[in-house]
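One-letter residues, chain by chain:
Protein chains: 4
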Amino acid sequence: MTPTPTLFAFSERSRQLQADVARFVAERIVPAEAAFAAHAADPATRWSIPPQLEALKAEARALGLWNLFLPDPERGGHPRHPASPDTGAATHGAGLSNLDYAPIAEITGRSLYAPEVFNCSAPDTGNMEVLMHFATPEQQAPWLPRLLAGEIRSAFAMTEPDVASSDATNIALPIVRDGDHYVINGRKWWTTGAADPRCAILIVMGVTEPEGPPHERQSMVLVPMDTPGVRIVRPLTVFGYDDAPHGHVELSFENVRVPLGNRLGAAGSGFAIAQARLGPGRIHHCMRLIGLAQRALEAMVARARQREAFGRPLGGHGMAQEAIALSRCEIEQARLLTLQAAAALDAHGNKGARDLVGMIKIVAPSMACRVIDRAIQIHGAAGLSQDHFLAQAYAGARSLRLADGPDEVHIASLARSMLRAH
Amino acid sequence: MTPTPTLFAFSERSRQLQADVARFVAERIVPAEAAFAAHAADPATRWSIPPQLEALKAEARALGLWNLFLPDPERGGHPRHPASPDTGAATHGAGLSNLDYAPIAEITGRSLYAPEVFNCSAPDTGNMEVLMHFATPEQQAPWLPRLLAGEIRSAFAMTEPDVASSDATNIALPIVRDGDHYVINGRKWWTTGAADPRCAILIVMGVTEPEGPPHERQSMVLVPMDTPGVRIVRPLTVFGYDDAPHGHVELSFENVRVPLGNRLGAAGSGFAIAQARLGPGRIHHCMRLIGLAQRALEAMVARARQREAFGRPLGGHGMAQEAIALSRCEIEQARLLTLQAAAALDAHGNKGARDLVGMIKIVAPSMACRVIDRAIQIHGAAGLSQDHFLAQAYAGARSLRLADGPDEVHIASLARSMLRAH
Amino acid sequence: MTPTPTLFAFSERSRQLQADVARFVAERIVPAEAAFAAHAADPATRWSIPPQLEALKAEARALGLWNLFLPDPERGGHPRHPASPDTGAATHGAGLSNLDYAPIAEITGRSLYAPEVFNCSAPDTGNMEVLMHFATPEQQAPWLPRLLAGEIRSAFAMTEPDVASSDATNIALPIVRDGDHYVINGRKWWTTGAADPRCAILIVMGVTEPEGPPHERQSMVLVPMDTPGVRIVRPLTVFGYDDAPHGHVELSFENVRVPLGNRLGAAGSGFAIAQARLGPGRIHHCMRLIGLAQRALEAMVARARQREAFGRPLGGHGMAQEAIALSRCEIEQARLLTLQAAAALDAHGNKGARDLVGMIKIVAPSMACRVIDRAIQIHGAAGLSQDHFLAQAYAGARSLRLADGPDEVHIASLARSMLRAH
Amino acid sequence: MTPTPTLFAFSERSRQLQADVARFVAERIVPAEAAFAAHAADPATRWSIPPQLEALKAEARALGLWNLFLPDPERGGHPRHPASPDTGAATHGAGLSNLDYAPIAEITGRSLYAPEVFNCSAPDTGNMEVLMHFATPEQQAPWLPRLLAGEIRSAFAMTEPDVASSDATNIALPIVRDGDHYVINGRKWWTTGAADPRCAILIVMGVTEPEGPPHERQSMVLVPMDTPGVRIVRPLTVFGYDDAPHGHVELSFENVRVPLGNRLGAAGSGFAIAQARLGPGRIHHCMRLIGLAQRALEAMVARARQREAFGRPLGGHGMAQEAIALSRCEIEQARLLTLQAAAALDAHGNKGARDLVGMIKIVAPSMACRVIDRAIQIHGAAGLSQDHFLAQAYAGARSLRLADGPDEVHIASLARSMLRAH
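Protein chains in written order, with this note's numbering: chain A, 1 to 422; chain B, 1 to 422; chain C, 1 to 422; chain D, 1 to 422.
Mixed in with the good hints there might be a few duds.
[As the list claims (entries may be wrong)] Some residues of chain A that are not near chain D, with every Cβ distance over 10 Å (derived):
#	residue
1	A55
2	G95
3	I152
4	R177
5	R198
6	M225
7	R257
8	H348
9	K351
[Said to hold, decoys possible] With the C-beta cut set under 8 Å, the calculated list includes, among others, these residues of chain B facing chain C:
#	residue
10	W190
11	E209
12	E211
13	A309
14	G380
15	S385
16	Q386
17	Q392
18	L402
Just so you know, these hints were derived from the structure itself, not from any lab. All residues carry an ideal CB built from backbone N, CA and C; glycine is no exception.
When you get a sec, could you build the whole thing from the sequences and use the hints?
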């Protein structure tokens with residue numbers, strides 16, 4: 001059962017990359033999953049990077065399957081953001097439109113490990129885009145080339161334990177000017193990837209202009225991970241997974257000092273940069289979830305063919321058929337909607353695609369949860385365990401009903417947009 | 001709030017027709033709905049045709065908005081079915097592919113009355129296609145030109161009260177050869193349109209080869225409505241609607257005699273013709289449901305803006321926002337899936353598009369039921385009444401979870417196809 | 001398959017009545033349903049009362065199966081409402097607690113016609129209770145004895161077309177004092193039963209104290225149906241059903257004059273009386289819905305045993321099994337919850353039972369819709385037609401997701417009560 | 001917000017114990033949860049027993065809150081199973097009926113740690129019952145008194161990796177007679193509690209009579225945990241949780257020899273004993289899930305009161321109200337249904353209560369999953385982490401949609417029972 005080929009018109013280059021990436025995932029990455037999982041299960045090694053991962057990265061890079069998310073072969077060719085200086089930093093983007101990249105993102109979503117192998121994993125992709133569009137050449141120099149080369153990793157410290165971060169204007173971490181430095185004190189959490197031993201740089205969002213209007217109070221500043229006062233408090237778990245070695249951590253900042261020159265863009269532009277960061281990232285997240293759901297469906301079908309109960313293969317039972325058929329219907333629809341959103345983003349930009357991007361954020365995580373849950377059910381208790389990718393996949397999909405805004409916020413926002421537009 | 005323009009590549013001709021049909025529906029048909037409803041509510045007139053309907057048909061035909069469902073400007077340009085003689089009957093198809101026609105079908109679905117105004121209503125569309133592909137010129141002559149001209153209507157008598165007709169091999173009406181005639185005795189029901197005073201011809205499916213293999217027992221025969229022994233037993237209701245003046249009726253056949261030459265195609269080909277009839281018809285049904293759901297959503301939004309409760313417009317309440325946003329998400333997805341199925345039908349034919357056509361049959365009627373149900377809820381009790389189109393729309397959408405095969409049959413069939421293909 | 005006997009402790013009298021009513025419904029009423037339906041389908045008779053109905057009423061009354069909803073054998077023995085004068089009107093209540101009456105209400109819910117046969121049908125039951133508790137002997141004399149005897153019927157005119165009546169403080173019909181009369185001008189709708197030829201008396205709610213605080217603006221007044229200026233504008237339909245001969249009608253009031261003495265209770269007490277009317281009525285409605293759902297389940301099981309498709313009885317197919325099993329689970333739970341609410345109403349009164357009564361109003365109508373919808377699906381298209389009770393039952397159940405407050409209002413109200421109580 | 005007091009008639013003794021257990025859980029166990037969690041999170045201690053747990057057990061036992069699940073104060077007073085010898089073993093049951101124990105089980109379900117504190121945790125409860133009813137005094141002596149005293153723990157090895165264990169006749173582990181011993185070779189998994197350092201005894205189900213009829217092939221044998229050849233292969237995870245220190249493990253048996261006298265009951269009686277073990281156990285599981293869901297609801301309400309977003313507490317938003325109100329409705333219904341099943345078990349035994357016990361197994365785990373999932377959503381990402389009990393609670397509830405038979409098996413079984421009974 002292959003996914004129905006969509007009739008959206010992908011470029012020849014996209015189609016070739018889809019095939020190459022699919023082959024690499026199937027032949028190189030999926031077979032290595034067990035080794036990665038064993039590495040992460042071993043208390044002695046789990047917070048280190050498995051050497052095989054770096055080897056696969058080198059291999060992918062050599063094949064040109066690298067930084068495919070970058071829209072511009074030169075530099076990142078989104079129509080340049082008004083606030084974005086032309087830094088001229090040389091990069092190696094694939095030059096794909098959002099629509100052309102979307103099916104590639106789907107394929108990388110099939111394996112937990114694939115996005116990093118292609119240097120296309122969150123939060124680095126969003127961070128690289130922010131650095132390209134909003135950083136000065138001086139700000140880019142120490143980090144961007146090494147991120148593009150996959151030598152270091154980065155994290156994005158936005159969510160805070162004490163406020164409802166779904167409303168980004170609530171972000172409250174004080175970033176206080178002290179002479180020619182900013183001083184940061186406080187806590188962030190759910191900072192994904194900060195536990196990675198290769199994580200070298202944080203983008204931290206906090207309040208620099210406490211007296212400004214609500215949407216112009218925050219700024220983003222670059223905080224090297226080794227700055228004194230930055231401390232990983234603990235890894236957080238999602239269900240029982242801590243997603244070592246990258247992790248989702250609680251960070252504390254105690255008198256952390258960075259030069260004023262580490263601020264990205266204008267003072268008070270943090271909210272605007274956060275918004276600009278979101279559009280393509282949501283497409284990526286949703287397409288990866290669709291890839292994950294597609295793999296769960298394939299596993300469900302395989303299991304339903306092999307496993308027998310009450311004298312028939314599971315696939316001969318009506319309720320299993322229902323699980324399989326409805327999952328297919330839901331995946332196909334979510335895929336088409338997300339491709340539509342990608343095409344709208346290409347054609348109309350963040351603002352013109354806002355409703356559609358909101359819709360996929362509402363639809364895809366819930367869909368993936370339902371499909372994976374059905375796949376678990378068809379696998380029996382084994383589906384809950386470490387013997388299949390399903391339970392961990394569920395945890396990831398479930399977290400995306402909250403990450404980057406809970407479903408309810410996107411639902412209300414879409415409805416309000418429709419009520420206004422009427 | 002206009003529907004999101006899909007990024008499927010419609011032809012210029014399709015886009016122009018979409019605009020023309022949309023204007024005609026909005027400006028000519030929707031304003032006439034109240035008059036049509038009053039005509040159908042009046043016991044004195046309800047089983048007759050409102051004169052305004054014929055006037056609108058003439059108007060639409062004069063504008064070239066006619067028989068748009070016909071794929072071939074010459075004759076119906078599907079690759080000719082192997083069993084289909086080349087009759088050369090002149091018709092006036094728009095020459096649209098399934099993909100190009102689909103959004104037009106959506107627009108006609110917005111009003112109960114629109115499909116007929118454009119001579120694009122079921123079951124006549126399917127019947128005309130059967131006559132084009134499977135009838136001899138002699139069989140076509142008395143009926144097909146007049147159907148294409150909208151002068152007469154037709155019905156398709158397949159479902160039977162005593163068997164589960166979802167399994168078409170169960171169809172049991174005996175059509176017995178007696179010299180050079182067939183003699184028919186028995187009952188059919190849910191024969192849509194047979195009560196229309198203009199209904200002149202029935203296509204009747206029954207068993208002519210009782211000893212044949214299961215899929216080769218039935219044939220289809222042409223039975224003029226005025227043949228002695230054909231009798232309308234009663235109109236059936238769907239919820240409380242009898243859908244006068246067309247109706248869904250129970251028919252009895254008592255010693256109904258037609259010449260052997262009235263049989264379409266080879267003896268025993270009834271099942272095969274029924275299958276061939278289905279693909280495009282399902283696309284049409286589903287797109288019309290999407291148009292209906294879209295209109296319900298627009299009504300929901302309008303109501304949520306205007307009506308106040310507990311000190312706010314309904315649209316300010318979270319559960320109403322949820323109803324609105326989820327409906328939008330579900331409509332967009334079902335629309336894209338149905339367009340995808342139409343494109344697959346164009347590219348790969350009935351067989352290659354089978355899974356996708358099955359999926360839309362599973363998805364669209366349920367989606368329309370949910371959306372319309374939410375619209376009713378937001379309208380309060382008024383939404384259940386004759387003051388809005390919603391309750392009748394619900395009845396129609398609900399019946400399509402059963403017509404042409406209940407959901408469960410399509411779900412099982414899709415799952416089995418996937419389990420085989422694996 | 002009999003309903004699971006609940007282990008709530010019903011009184012011996014209740015258990016005996018349950019058995020008697022069940023037998024009467026099964027042996028006398030259900031067999032007459034076809035005749036009643038035919039009477040209501042015939043344009044010549046449909047707005048008249050079928051003679052057989054009055055005969056069954058007489059029969060039931062002779063057996064003592066009459067006014068069973070009345071809690072007090074003397075007069076209606078709810079702890080007397082503070083505002084309720086002691087009128088001493090002789091009645092014939094069964095003296096059952098809410099818990100004891102609930103299973104009887106369930107049984108009467110199995111047939112559309114049963115509640116009236118036992119003189120236990122809405123809105124008369126609520127109206128009789130209002131007359132008992134809030135009317136003076138002079139106000140009771142012309143109406144209450146005849147209502148208790150089943151000689152006349154009554155209606156309750158509250159909902160208005162122009163306001164969201166779910167918020168009862170919105171009720172706006174002006175009832176203006178003019179000397180020693182009230183003069184009423186305006187419109188009501190969804191006045192159930194007002195089209196019944198035996199309907200003699202309306203209880204009309206409207207604004208008598210426009211300057212009062214929001215909850216003390218309305219009063220209820222008695223308006224004899226034959227008062228000049230009272231006019232039935234039209235019957236309203238619910239999914240195509242007008243529920244003749246009782247109907248749900250739009251009423252217009254043009255200079256309708258009634259004596260000041262027709263006002264029930266104090267000026268401005270309308271809202272309070274409306275609230276007091278609700279508790280037991282909601283139990284009755286919900287239990288009847290449970291009886292309806294139970295009958296739908298029994299029909300579903302019977303159909304699943306008899307009908308064959310794809311080589312097996314429907315009941316051998318997994319999705320049909322799912323429909324059957326889940327329906328049983330949902331019915332049992334809703335029944336227990338409603339009995340719990342009835343017991344709480346007996347033990348703690350309207351206020352103490354408020355959360356539970358809110359819960360059953362949220363749960364039972366939706367549950368009945370789901371169960372009946374599944375039963376329709378298992379019956380195929382026949383389930384949508386007049387050949388089964390299911391489609392009309394669905395319409396009734398669906399209307400109860402709106403009548404007496406839409407689901408959303410009860411959901412919000414329950415949540416707020418919980419948030420306060422915390 | 002206290003749970004609605006049910007109106008089922010609990011004995012005075014049950015009501016007193018409910019109050020005592022509730023107080024103990026709230027005042028002694030819940031405050032210790034953080035310490036237990038820290039113990040289980042520390043790699044150095046996680047597979048050992050926290051000393052505080054044994055202290056709490058002693059405390060509970062001293063208060064008489066011990067072995068409350070045991071129905072007979074003398075010995076376990078179920079009507080003795082025909083196959084059950086009268087062993088006269090002294091125990092300390094509370095003498096509660098299933099109905100009286102059910103609300104106590106609910107309260108213990110509020111905390112992961114509570115069931116063990118009261119010596120009422122699975123699988124020991126079921127194992128103790130099996131030992132009481134089916135073991136000889138010689139078989140009981142080394143294990144039963146120490147289990148009743150909470151000195152040792154036990155495990156039940158039934159599920160196997162290679163067969164669909166939902167169909168218990170599939171159980172295939174060979175238990176081969178060799179002289180006066182049985183020799184066991186093979187694998188079991190999901191053996192809960194076997195990793196507990198105090199686990200001393202396994203009840204192992206396997207095939208002793210391979211030629212017997214399907215339901216008489218298996219027997220159960222007692223296998224001391226320290227028998228040579230018994231090996232814990234690995235702990236299994238449920239959504240990342242390994243539930244240390246008890247665990248759910250994979251076991252291997254290599255030439256494990258036990259005397260023939262270790263077989264419980266007759267040869268081939270394994271299936272029958274497994275069935276007998278289930279009824280009360282399902283009540284316990286479901287009531288504990290209800291307690292867990294109730295606690296999640298209380299957490300949801302508390303969070304909705306405290307947390308602000310978009311200018312209001314979460315509880316002021318419609319979709320949060322919906323989550324809260326629907327959860328309450330679902331919990332109340334599931335609780336009543338489970339109490340009803342418990343009452344039926346008391347009144348009619350396993351067979352007479354079979355449908356109701358099937359219903360709660362279908363209803364309660366799904367309900368708990370939905371309620372806990374909503375609570376997670378209202379807690380935001382924190383709800384997924386180790387900072388709240390919710391994510392781990394979800395994992396437990398989700399596993400019960402599979403443990404002891406997947407939902408689908410119970411749904412099909414209930415439907416078949418209804419179709420037969422009709």
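Each hint tested on the structure:
1. No Cβ of chain D comes within 10 Å of the Cβ of A55/A; the nearest lies about 27 Å off, and the non-interface call holds.
2. With 10 Å as the threshold on Cβ separation, the claim that G95/A sits away from chain D holds: the shortest Cβ distance comes to roughly 35 Å.
3. With 10 Å as the threshold on Cβ separation, the claim that I152/A sits away from chain D holds: the shortest Cβ distance comes to roughly 26 Å.
4. With 10 Å as the threshold on Cβ separation, the claim that R177/A sits away from chain D holds: the shortest Cβ distance comes to roughly 28 Å.
5. For R198/A, the condition that its CB be more than 10 Å from all CB atoms of chain D holds, with the nearest at approximately 24 Å.
6. Against the 10 Å criterion, M225/A stays outside the reach of chain D, whose nearest CB is about 22 Å from its own CB.
7. Every Cβ of chain D is farther than 10 Å from the Cβ of R257/A; the closest lies at roughly 29 Å, confirming the non-interface assignment.
8. No Cβ of chain D approaches the Cβ of H348/A within 10 Å, the least distance being about 27 Å, so the stated non-interface status holds.
9. For K351/A, the requirement that its beta carbon stay farther than 10 Å from each beta carbon of chain D is met, with the minimum near 21 Å.
10. Hint on W190/B holds. Least Cβ distance to chain C is approximately 5 Å, under the 8 Å limit.
11. Restraint check, E209/B versus chain C: the minimum CB separation of about 21 Å is more than 8 Å; hint violated.
12. Taken as an interface hint, E211/B does not check out: its beta carbon lies about 20 Å from the nearest beta carbon of chain C, beyond 8 Å.
13. For A309/B, the suggested interface contact is upheld, since its CB lies about 4 Å from the closest CB of chain C, less than 8 Å.
14. At a threshold of 8 Å, the smallest CB-CB gap from G380/B to chain C is about 6 Å, leaving the interface hint in force.
15. At a threshold of 8 Å, the smallest CB-CB gap from S385/B to chain C is about 5 Å, leaving the interface hint in force.
16. Contact between Q386/B and chain C, as hinted, is supported at the beta carbon level, the nearest pair being about 5 Å apart and thus within 8 Å.
17. With 8 Å as the threshold, the beta carbon of Q392/B comes within range of chain C, its nearest partner Cβ sitting at about 7 Å, so the hint holds.
18. Below 8 Å, beta-carbon pairs count as interface contacts, and L402/B has one with chain C at about 5 Å; its hint therefore holds.
The structure fails hints 11 and 12 (numbered hints given earlier, in ascending order).
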